[in-house]
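Work out the full structure: start from the sequences and follow the hints.
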Amino acid sequence: MLEIQNLVKRFGPLVAVDGVSLTVPRGEVLGFLGPNGAGKSTTMKMVAGFLAPTAGTAVICGDDILTRPLQAKRHLGYLPEGAPAYPDMTAIDFLGFVAAIRGLRGAGRKSHLARVIEMMRIGEVLNQPIETLSKGFQRRVGVAQALLHDPPVLILDEPTDGLDPNQKYEMRSIIRAMQPEKAIVISTHLLEEVEAVCSRAIIIARGRILADGAPAELAARSPRHNAARLTVVAAAEARLRAELVRLPGIASVEKVSENHQAILIAIPHDRRPIADEIADFVRAQGPAVSEWRIEQGRLDDVFRAITAPAAETTEPEPVRQAA
Amino acid sequence: MRNTAIIFRRELAGYFATTLAYVFIVIFLALAGALTFFVGNFFERGQADLQSFFSFHPWLYLVLIPALSMRLWAEERRSGTIELFLTLPVRLSEAVLGKFLAAWCFAGIALALTFPFWITVNLLGNPDNGVILASYLGSWLMAGAILAVGAAVSAITKSQVIAFVVSTAVVFVLTAAGTSIVLDLVRGWAPAGVIRAVAGASLFGHFSTITRGVLDLRDLVYFVSIIAGFLGANALLIELKKAD
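Protein sequences, first through last, are from chains A and B. Under this note's numbering, think of the first position of the first sequence as 1, with each following residue one higher. Under this note's numbering, think of the first position of the second sequence as 1, with each following residue one higher.
Simulated from the structure, these hints should not be mistaken for laboratory data. Just so you know, not all the hints are guaranteed correct.
No more than 27 Å apart at the CA atoms, straight line, and that leaves these computed lysine-lysine pairs for DSS-like [as the list claims (entries may be wrong)]: (1) A:135 - B:158; (2) B:242 - B:158; (3) B:158 - A:168; (4) A:168 - A:135.
Stretch-level coverage of chain A by chain B, calculated; a stretch enters the list once three of its residues show a Cβ under 8 Å from a Cβ in chain B [said to hold, decoys possible]: (5) 38 to 50; (6) 77 to 88.
Even for Gly, the Cβ is constructed at its ideal location relative to N, Cα and C.
Below, the structure written as structure tokens:
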């Protein structure tokens, strides 16, 4: 459905996007992750046909955005960064304008408008000028505009930015509901969002793709994947820590203070499973360990490790203050 | 073509959605009246024509038309809607043309609202209505040429103020090119061909030919080429500069 081929964008000496290639089939929600200035938005702008790439191209449903831009744009629903909309227009006039440009007329226009208004719950603000709407409503009008013609490919640059937690939850449900029939790309800096809606995540930094996989797969690359987290009695903490380190499966033990509890994190060699070993250990300790579980690893650890490699390697074995 | 019409309608409605349209029309009519009656000595001349009305149009437009054109693209760039607009399935030419035609149509509405001048002069005497009609047409063409310049300038900046100031400067040069101040500057050293070219590039020169009642094909070609040339530049500048 969407094929990005070796996209490159240079702004003078600055290489904003440096050879990004990827394919998004129908049924996939791809999360585009990266620090600010990583090249996420620039990539999306090129795919949507706003910026001309320095090299490479994008093909949307078989139509090349460079050689057949009008056809390619018809297959695409695009929410630009910041959800821009004409501030003087009312929401309904704005959607009507987009519908007209999209070639929707008559009954089709009516039903498409009704569908997105219902989906985005913007019925109550239709006759207000967009500049008077709250950030959340502005964002929803922007997404409504992108969904209006029910496109097979959707590119949403930060679709939940400015939404409150309930609205975020709703927006994610809507994206998940559309997943089976569409190829969807969203960019976000909220890692929890990737875990909540994306079937695949790509981490991009300095214009290059640094990681590509299912969110759970990426999380498994966390140094804490398969680590055991033990809540222990404060008095026994030092002794337990020393004993844990001596277990053959364990590489190191970190101490974390959380809510005045002593927490030990036992990190295995090469993220190997250590559940059995820890279970035996905990049984032997009796009441000194009040609670324990195996961690899956966290996407933000992976994100930090991948996008800031220089800072990570110079850091000594961390004893984190808070998890 | 269909898209041009849709964009045209949205843009034209945009003028009337804010107070801009009304403020512009009121100021335009007030200034036109003041210049005609007080500076142009409409009554004292004792002639049943609209010369004193039309002769100030180049200077009126110099200030007012850039105020109309400054928002065309600068506002889209500032608010980021240009990214939304140009990722819809429209050709850049349709976008440029739709915006320009809406602004030109609006200028036409403002100009048409000066009809009381025409009624007045017809009540007072027997003017040559053919000349007046030609003058209106010439004035509207000149407004279009200035709008096209302003639209192209508006394409290169996010700031409406910069768009206004630069457009006014460019239009001033274009208008003043035919006046003796500029021609005297050139006359001392330039060959005759250059002097003719400078004089020929003047909005003022072509407009005043028309207001004298001479509707020459060359003047029409001049205005149409200015409009076409600057709209082409507009499209090119958007293509080159839309990213920053």
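Flag every earlier hint the structure violates by its number, smallest first.
3
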